[in-house]
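Student: Here are the chains, one letter per residue:
Number of protein chains: 2
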Amino acid sequence: MNGLMMQQPLLISSLLRHAERHHGGQQVVSRRVEGDLHRLSYRELAARARRLANALDALGVAPGERVATLAWNGHRHMELYYAVSGSQRVLHTLNPRLHPDQMRWVADHAEDRVLCFDLSFLPLVEAIAPQLATVRAFVAMTDRAHMPAGAKIPGLLCYEELVDAASDACDWPVFDENAAASLCYTSGTTGNPKGVLYSHRSTLLHTMAVALPDALNVSARETILPVVPMFHVNAWGLPYAACLAGAKLVFPGPAMDGKSLHELFESEGVTLSAGVPTVWQGLLAHVEANDLRFTTMKRTVIGGSACPPAMMHTFQQRHGVQVLHAWGMTELSPLGTAGVLNGHQLALPESEREAIQAKQGRAVFGVDMKIVGDDGRELPWDGQASGELLVKGPWVVAQYLKGEGGDPLVHSNGEAWFPTGDVATIDADGFMQITDRSKDVIKSGGEWIGSIDLENIAMAHPAVAMAACIAVPHPKWDERPLLVVVKKPGAALTREELIGFYEGRIAKWWTPDDVVFVEAIPLGATGKMLKNRLREQFRGHPLPTA
Amino acid sequence: MNGLMMQQPLLISSLLRHAERHHGGQQVVSRRVEGDLHRLSYRELAARARRLANALDALGVAPGERVATLAWNGHRHMELYYAVSGSQRVLHTLNPRLHPDQMRWVADHAEDRVLCFDLSFLPLVEAIAPQLATVRAFVAMTDRAHMPAGAKIPGLLCYEELVDAASDACDWPVFDENAAASLCYTSGTTGNPKGVLYSHRSTLLHTMAVALPDALNVSARETILPVVPMFHVNAWGLPYAACLAGAKLVFPGPAMDGKSLHELFESEGVTLSAGVPTVWQGLLAHVEANDLRFTTMKRTVIGGSACPPAMMHTFQQRHGVQVLHAWGMTELSPLGTAGVLNGHQLALPESEREAIQAKQGRAVFGVDMKIVGDDGRELPWDGQASGELLVKGPWVVAQYLKGEGGDPLVHSNGEAWFPTGDVATIDADGFMQITDRSKDVIKSGGEWIGSIDLENIAMAHPAVAMAACIAVPHPKWDERPLLVVVKKPGAALTREELIGFYEGRIAKWWTPDDVVFVEAIPLGATGKMLKNRLREQFRGHPLPTA
Numbered sequence: 405m406n407g408l409m410m411q412q413p414l415l416i417s418s419l420l421r422h423a424e425r426h427h428g429g430q431q432v433v434s435r436r437v438e439g440d441l442h443r444l445s446y447r448e449l450a451a452r453a454r455r456l457a458n459a460l461d462a463l464g465v466a467p468g469e470r471v472a473t474l475a476w477n478g479h480r481h482m483e484l485y486y487a488v489s490g491s492q493r494v495l496h497t498l499n500p501r502l503h504p505d506q507m508r509w510v511a512d513h514a515e516d517r518v519l520c521f522d523l524s525f526l527p528l529v530e531a532i533a534p535q536l537a538t539v540r541a542f543v544a545m546t547d548r549a550h551m552p553a554g555a556k557i558p559g560l561l562c563y564e565e566l567v568d569a570a571s572d573a574c575d576w577p578v579f580d581e582n583a584a585a586s587l588c589y590t591s592g593t594t595g596n597p598k599g600v601l602y603s604h605r606s607t608l609l610h611t612m613a614v615a616l617p618d619a620l621n622v623s624a625r626e627t628i629l630p631v632v633p634m635f636h637v638n639a640w641g642l643p644y645a646a647c648l649a650g651a652k653l654v655f656p657g658p659a660m661d662g663k664s665l666h667e668l669f670e671s672e673g674v675t676l677s678a679g680v681p682t683v684w685q686g687l688l689a690h691v692e693a694n695d696l697r698f699t700t701m702k703r704t705v706i707g708g709s710a711c712p713p714a715m716m717h718t719f720q721q722r723h724g725v726q727v728l729h730a731w732g733m734t735e736l737s738p739l740g741t742a743g744v745l746n747g748h749q750l751a752l753p754e755s756e757r758e759a760i761q762a763k764q765g766r767a768v769f770g771v772d773m774k775i776v777g778d779d780g781r782e783l784p785w786d787g788q789a790s791g792e793l794l795v796k797g798p799w800v801v802a803q804y805l806k807g808e809g810g811d812p813l814v815h816s817n818g819e820a821w822f823p824t825g826d827v828a829t830i831d832a833d834g835f836m837q838i839t840d841r842s843k844d845v846i847k848s849g850g851e852w853i854g855s856i857d858l859e860n861i862a863m864a865h866p867a868v869a870m871a872a873c874i875a876v877p878h879p880k881w882d883e884r885p886l887l888v889v890v891k892k893p894g895a896a897l898t899r900e901e902l903i904g905f906y907e908g909r910i911a912k913w914w915t916p917d918d919v920v921f922v923e924a925i926p927l928g929a930t931g932k933m934l935k936n937r938l939r940e941q942f943r944g945h946p947l948p949t950a
Numbered sequence: 405m406n407g408l409m410m411q412q413p414l415l416i417s418s419l420l421r422h423a424e425r426h427h428g429g430q431q432v433v434s435r436r437v438e439g440d441l442h443r444l445s446y447r448e449l450a451a452r453a454r455r456l457a458n459a460l461d462a463l464g465v466a467p468g469e470r471v472a473t474l475a476w477n478g479h480r481h482m483e484l485y486y487a488v489s490g491s492q493r494v495l496h497t498l499n500p501r502l503h504p505d506q507m508r509w510v511a512d513h514a515e516d517r518v519l520c521f522d523l524s525f526l527p528l529v530e531a532i533a534p535q536l537a538t539v540r541a542f543v544a545m546t547d548r549a550h551m552p553a554g555a556k557i558p559g560l561l562c563y564e565e566l567v568d569a570a571s572d573a574c575d576w577p578v579f580d581e582n583a584a585a586s587l588c589y590t591s592g593t594t595g596n597p598k599g600v601l602y603s604h605r606s607t608l609l610h611t612m613a614v615a616l617p618d619a620l621n622v623s624a625r626e627t628i629l630p631v632v633p634m635f636h637v638n639a640w641g642l643p644y645a646a647c648l649a650g651a652k653l654v655f656p657g658p659a660m661d662g663k664s665l666h667e668l669f670e671s672e673g674v675t676l677s678a679g680v681p682t683v684w685q686g687l688l689a690h691v692e693a694n695d696l697r698f699t700t701m702k703r704t705v706i707g708g709s710a711c712p713p714a715m716m717h718t719f720q721q722r723h724g725v726q727v728l729h730a731w732g733m734t735e736l737s738p739l740g741t742a743g744v745l746n747g748h749q750l751a752l753p754e755s756e757r758e759a760i761q762a763k764q765g766r767a768v769f770g771v772d773m774k775i776v777g778d779d780g781r782e783l784p785w786d787g788q789a790s791g792e793l794l795v796k797g798p799w800v801v802a803q804y805l806k807g808e809g810g811d812p813l814v815h816s817n818g819e820a821w822f823p824t825g826d827v828a829t830i831d832a833d834g835f836m837q838i839t840d841r842s843k844d845v846i847k848s849g850g851e852w853i854g855s856i857d858l859e860n861i862a863m864a865h866p867a868v869a870m871a872a873c874i875a876v877p878h879p880k881w882d883e884r885p886l887l888v889v890v891k892k893p894g895a896a897l898t899r900e901e902l903i904g905f906y907e908g909r910i911a912k913w914w915t916p917d918d919v920v921f922v923e924a925i926p927l928g929a930t931g932k933m934l935k936n937r938l939r940e941q942f943r944g945h946p947l948p949t950a
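So the protein sequences, as listed, match chains A and B.
First residue of the first sequence? That's 405 in this note's numbering, and the numbers climb one at a time after it.
First residue of the second sequence? That's 405 in this note's numbering, and the numbers climb one at a time after it.
Only chain A is shown next, with the shape it has when bound in the complex (with noise of 0.2 Å):
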């Protein structure tokens, strides 16, 4: 016996519809590659994805093909965002910061079948468009006046000129919830990239469930500007709940340095932001730098790596601005976990606050997870047990695109669980907090070293700016942790100085053997510390044998 409700399918093009439909005249606003801050509406945004979307019939682009981005947070990528998936295409977001030839890989993968780009790419596409197996149409995302001259690119179309030409008249098709809507590849530290292809369905709920008042808490009242960007999975989901919600938006295209992105919270009255630990130390350095105020940003979204608890300290007991702590996966659309307190923990004295929201957080509802031993099974959730973090739900993925990979799924009691790679303690509140890749894990005589909370006290030091803490090989210990150290500007730290300071900090055993001083830590294409690359640097490295 089944229900008597309407039957509409949950579909991208619902979320732009409300938004144009409820908050016609809210703002989005964008500093573009071009140099200018734009502004439009809503309704002109979703007039402009609907011409869009007749352009891509023009240029015979079928259901289901791929159309890939290689954009910067604006305007003109989220019409893409729209109009690719609102009319049954699919969303690639290519990731800038991959190496040329693994980008090619990845769009002969996804055979991408058109091309658009901001054009601070031109020499990267420029240098792969000839190897490109797939691609039948290139896109300038830019006017008439700004098409570069002379582009080694044969038949680029220009963006506004398609915009132009077609009619703003469609209305959005209705098809399977399930369609595949955008695809994100993971950053693949090792081996090629997979595909993540989410579909309309996963990306519906999932954008409903950012929304919630535990998870991002997206309202009409916020003014968002996204930092993460919108190639880093979806920029966790914003440009879709923002039209959930009709939230102002703020895009700062390329301009992510400090003072830029300062500026532009100040002008825009940005009240919630969201981005990876290491922007953010570049923007608080910025403002410290100039004794510089947040006057209307009341919150910010920190996730795609641990935040230091030195850096949320800043954030909030320095500039009043409430850090919400996330976590999630290109494999998870991306969001897990929100570090919102609940009703008890709001009255905690304000050290104990910090301690939790210093954790990864709570499951946003939808997602399920458990953390489990070697055996598989299902460890307590007491804020001292730590395993592997497993997780399900109907934004999860359950396979990888062309089944690379295998299966990628435990699968126990008739359930299939998605094992994340992270090793984490949950505690009674069910506040999951990750201690390590379970790849960075440092076993020292058979015991398990947390790099993360090792990387966290150093970072404490007022002379650090960036610490990866990394196992290498030890003839008793099998391991034991070295830490790598990026020291601020003309900051003085010796070796000893910092051993010194993990004293009383952390147990005797857990404290790193050596520390080596590094000119810099290389980053992966989504901002994370490459570990990989410094465990092989220095798996000769001679410890103390104190």
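Hints listed in this document are in silico derivations from the structure and should not be mistaken for laboratory results.
Model, not experiment: these values are computed from the prediction.
Heads up, a few of these hints could be off.
Derived pair list, reagent style DMTMM-like, types lysine to aspartate or glutamate, alpha-carbon separation capped at 25 Å [stated by the list, open to error]:
| hint | chain 1 | residue 1 | chain 2 | residue 2 |
| --- | --- | --- | --- | --- |
| 1 | B | Lys702 | A | Glu754 |
| 2 | B | Lys932 | B | Asp918 |
| 3 | A | Lys702 | B | Glu754 |
| 4 | A | Lys702 | A | Glu754 |
| 5 | A | Lys932 | A | Asp917 |
| 6 | A | Lys702 | A | Glu672 |
| 7 | A | Lys796 | B | Glu448 |
| 8 | B | Lys932 | B | Asp661 |
| 9 | B | Lys796 | A | Asp575 |
| 10 | B | Lys880 | B | Glu940 |
| 11 | B | Lys892 | B | Asp572 |
| 12 | B | Lys891 | B | Glu940 |
| 13 | B | Lys796 | A | Glu754 |
| 14 | A | Lys796 | A | Asp772 |
| 15 | A | Lys843 | A | Asp882 |
| 16 | A | Lys796 | B | Asp575 |
| 17 | B | Lys796 | A | Asp572 |
| 18 | A | Lys556 | A | Glu515 |
| 19 | A | Lys880 | A | Asp918 |
| 20 | A | Lys880 | A | Asp831 |
| 21 | A | Lys796 | B | Asp811 |
| 22 | A | Lys796 | B | Asp695 |
| 23 | A | Lys556 | A | Asp512 |
| 24 | B | Lys796 | A | Glu448 |
| 25 | B | Lys843 | B | Asp811 |
| 26 | A | Lys843 | A | Asp917 |
| 27 | A | Lys847 | A | Asp857 |
The hints should help you fit chain B onto chain A, whose structure is shown.
Tutor: This is chain B only, laid out in the frame that chain A set:
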């Protein structure tokens, strides 16, 4: 080409599973029919719901069969919500305020197999039990010690005995999310009630929408006391949304008077409540007569019928309790709109904010709405044009149970919309305001007069307890407004004073032609004024001929 994400049906059991696993220690507090204040955790409630599902197996209730409840707001009713729907049966919440003949008609029409009832309703159930054609088992929702001696119901079962006898081992079954989950009948002021059959999918999507920041904003930081009954469109979804968020729940049981409610608000630290205006009237009268305060309550949702602006002002200005005006219908699960201010409205002066809050609000994400003229064409969103309100969305009715009343939808341009029977305006910010029920509109000289506006003005007079405005036939103008008024106890008020009160508050020709004072205004089963009764009663009322 389909996405490659996990396929998980949207099932009501997932809400309880989430609450159990991620908020297991959170409390559900119930004032019970037996007189005690009862506490249990979500973990315990989930275990009891599993036992109850197994008990339904033992009673031989097949998937899809209806289990009816006749109960106040309490933990046992909530256990039934999850046990019945979670095990693929259909929960039918009977409204105890229906006339016994109508209740019997509804139970027969729904083909209820089991009837679970609170002890307060024993005499009612004894009276109708012999005539119920399909009910095979009657369950008194109490323990053995409180079972009524000599109940005139053969084979009467005891709820707590059923729960105790069953195992709590039960994996909630996984099935099609379009399966029927619960059933509510419209109040049916004319003709027989009609059944609205919700699906698991419609309920889950509605629950996520209810919890959004721009809807009821339900988080783990709230303590929620739903005054709105669980037999009144599933208490507006709060028993589901509370599990989604892990909020503390407080159930008032049968004690709905101002004193009992206020004590419970204070003793349990309630932060959020929800109910119809008539209940709040009793609560506010008690609070003011005894010079009491709300020390923890921050927000209350008011719906079911329009909230008089005077009540909203009292809550907000005198008690610091924000009022969230919401609108819905049984056919909408029920939520359609909520009056949450957006960013630019927050900056307006208080009087302008209150004028906006007096509207029924913006469509929650998932619901689309429009107003149409007599010719079916969409009217502009200018806050002036008024027309019939139509809605669509995945939690809007598609047809009534057994096809009663034929196709309820209006079809145009390949879209199907549900005509609400409300007459409304929509302003440029998307705020909808109901000006009347289409059947209550007063047509004077070819123009419409909105009865709700006239009632709100009367309600703002300090001597008025309740007011209804109805059309009476008029030889020259076709219809003219007549005001039917209940005075506050001991208050003195004349017809002339009240008519004078309209001066300057409304266009002169909208002023009621006459006022009649009555002892009481008849209310329907869900607390709405039965204006059709008044229209019959006053059909021949002589109007002054001035």
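Student: Now tell me if each hint is right for this structure.
Tutor: A quick look at each hint next to the structure:
At most 25 Å may separate the alpha-carbon atoms for a hinted pair to count; lysine 702/B and glutamate 754/A meet this at roughly 23 Å. Distance hint between lysine 932/B and aspartate 918/B is fulfilled; the C-alpha atoms sit about 23 Å from each other, no more than 25 Å. Simply put, lysine 702/A and glutamate 754/B have alpha-carbon atoms about 23 Å apart, close enough for the 25 Å limit, and the pair holds. A distance of roughly 17 Å separates the Cα atoms of lysine 702/A and glutamate 754/A; the hinted pair therefore holds under the 25 Å criterion.
Under the criterion of a C-alpha separation no larger than 25 Å, the hint pairing lysine 932/A with aspartate 917/A is consistent with the structure, at around 24 Å. Between the alpha carbons of lysine 702/A and glutamate 672/A the distance comes to roughly 14 Å, so the proposed pair stays at or under 25 Å and holds. This hinted pair checks out: lysine 796/A and glutamate 448/B have alpha carbons roughly 24 Å apart, not beyond 25 Å. Simply put, lysine 932/B and aspartate 661/B have alpha-carbon atoms about 18 Å apart, close enough for the 25 Å limit, and the pair holds.
The straight-line distance between the Cα atoms of lysine 796/B and aspartate 575/A is roughly 16 Å, inside the 25 Å bound, and the hint therefore holds. Restraint check for lysine 880/B and glutamate 940/B: the C-alpha separation of about 20 Å stays at or below 25 Å, so the hint holds. With a CA separation close to 53 Å, the supplied pair lysine 892/B and aspartate 572/B exceeds the 25 Å bound. Using a Cα cut-off of 25 Å, the hinted pair lysine 891/B and glutamate 940/B holds, with the two alpha carbons roughly 22 Å apart.
The straight-line distance between the Cα atoms of lysine 796/B and glutamate 754/A is roughly 46 Å, outside the 25 Å bound, and the hint therefore fails. Restraint check for lysine 796/A and aspartate 772/A: the C-alpha separation of about 5 Å stays at or below 25 Å, so the hint holds. Between the alpha carbons of lysine 843/A and aspartate 882/A the distance comes to roughly 15 Å, so the proposed pair stays at or under 25 Å and holds. Distance check on the hinted pair: lysine 796/A and aspartate 575/B sit about 16 Å apart at the alpha-carbon level, within 25 Å; holds.
This hinted pair checks out: lysine 796/B and aspartate 572/A have alpha carbons roughly 24 Å apart, not beyond 25 Å. Taking the CA atoms of lysine 556/A and glutamate 515/A, the gap is about 22 Å. The hint holds against a cut of 25 Å. Distance restraint check for lysine 880/A and aspartate 918/A: the Cα-Cα separation of roughly 16 Å lies within the 25 Å cut-off, and the hinted pair is therefore satisfied. As the CA atoms of lysine 880/A and aspartate 831/A are separated by approximately 33 Å, the hinted pair breaks the 25 Å bound.
Between lysine 796/A and aspartate 811/B the alpha-carbon distance is near 40 Å, which puts this suggested pair outside the 25 Å criterion. Our distance criterion of 25 Å between C-alpha atoms is broken by lysine 796/A and aspartate 695/B, whose separation comes to about 52 Å. Proposed proximity of lysine 556/A and aspartate 512/A is supported: the alpha carbons are some 20 Å apart, at most 25 Å. Straight-line distance between C-alpha atoms of lysine 796/B and glutamate 448/A comes to about 24 Å, which keeps the hinted pair within the 25 Å bound.
For the hint linking lysine 843/B to aspartate 811/B, the alpha-carbon distance of about 20 Å falls within 25 Å, and the restraint holds. Between lysine 843/A and aspartate 917/A, the direct Cα distance comes to roughly 20 Å. Compliance with the 25 Å bound is thereby established for this hinted pair. Proposed proximity of lysine 847/A and aspartate 857/A is supported: the alpha carbons are some 14 Å apart, at most 25 Å.
Hint check: violations occur at hints 11, 13, 20, 21, 22; the rest are consistent with the structure.
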